[in-house]
Amino acid sequence: KRTPLFNDHIISMYSYGMSCRDIQRHLQEVYGVTVSADLISHVTEAVMLDVKEWQNRPLERKYAIVFMDAIHFHVREDNQTIKKAVYVAIGIKLNGNKEVLGMWIGGNESAKYWLGVLNEIKNRGVEDIMIVSVDGLTGFGEAIGAVFPKAEIQRCIVHQIRYTAKFVNYKDLKPFVKDLKAIYQAPSEDSALSGLDELEEKWGKKYPSSVSSWRNNWPQLS
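One point on numbering: in the numbering used here, the residue at position 210 of the sequence shown is 244, and numbering is uninterrupted.
FYI, nobody ran anything at the bench for these hints, they're computed from the structure. All values derive from a computational prediction rather than experimental measurement. A couple of the hints might just be wrong.
To be verified - 30 angstroms max Cα-Cα, derived DSSO-like pairs, lysine-lysine:
| # | residue 1 | residue 2 |
| --- | --- | --- |
| 1 | K239 | K200 |
| 2 | K236 | K208 |
| 3 | K205 | K240 |
Stated by the list, open to error - Distance ranges between label pairs, derived from CB positions:
| # | residue 1 | residue 2 | range |
| --- | --- | --- | --- |
| 4 | S53 | P209 | 50 to 56 angstroms |
| 5 | V120 | A216 | 32 to 38 angstroms |
| 6 | H108 | H76 | 28 to 34 angstroms |
| 7 | L171 | R95 | 39 to 45 angstroms |
Built from N, CA and C at the ideal position, the CB exists for glycine as well.
From just these sequences and the hints, can you work out the full model?
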């Protein structure tokens, strides 16, 4: 008789990418237990029912904030290494609690795929999102507006800082980032704009792309 704990061991090994044969060998060597491939497949397939139930569960009608981002991985598929994106949406409910709305696996990150994710979220019961925090992916804002037209779009500050800093020479990076803090840590928008003016005066000629990025995206950054 297999116990739930024993099944958990199989699922854990499977989640790390071990094949049925690898799992069989490991169980034999470590626990002295012989397990058939059919049993391993039965255990791993059973957990997929829970996964699908979680993926399709109803969501809240409203969320205060939803953060959307993609994590990129290189994976083996059909004997070649390809790049895939795991799309992640994390919501802040009106009571302040966080909730992972879902995770989706696609090709390289694109606004078109995000549009499908947004429609799925809507179909699972979400009627309104107050603020959506995203990176600067081209077309992302339009995709959000098409599904949740009342949502305000906030440009993710962390992504903005990373994008800005990649144009800056290493020897200038520390003082440049220090001047950036006067913008994104400012107590008010007026104070932040003053910080942006000072940044432009000091660094605008040397790093025009970095400074103009803050100017051009200010409505969403502020």
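Hint-by-hint comparison with the structure:
1. For a cut-off of 30 angstroms, the pair hint linking K239 to K200 stands: about 16 angstroms separates their Cα positions.
2. Using a Cα cut-off of 30 angstroms, the hinted pair K236 and K208 holds, with the two alpha carbons roughly 14 angstroms apart.
3. A C-alpha spacing of about 13 angstroms is found between K205 and K240, which places the hinted pair at or below 30 angstroms, so the restraint holds.
4. At about 52 angstroms, the CB distance of S53 to P209 agrees with the hint of 50 to 56 angstroms.
5. One distance hint, 32 to 38 angstroms for the beta-carbon pair V120 and A216, holds here, with the actual separation near 35 angstroms.
6. For the pair H108 and H76, the beta carbons lie near 31 angstroms from each other, so the given range of 28 to 34 angstroms is met.
7. Between L171 and R95, the C-beta spacing of about 27 angstroms breaks the proposed range 39 to 45 angstroms.
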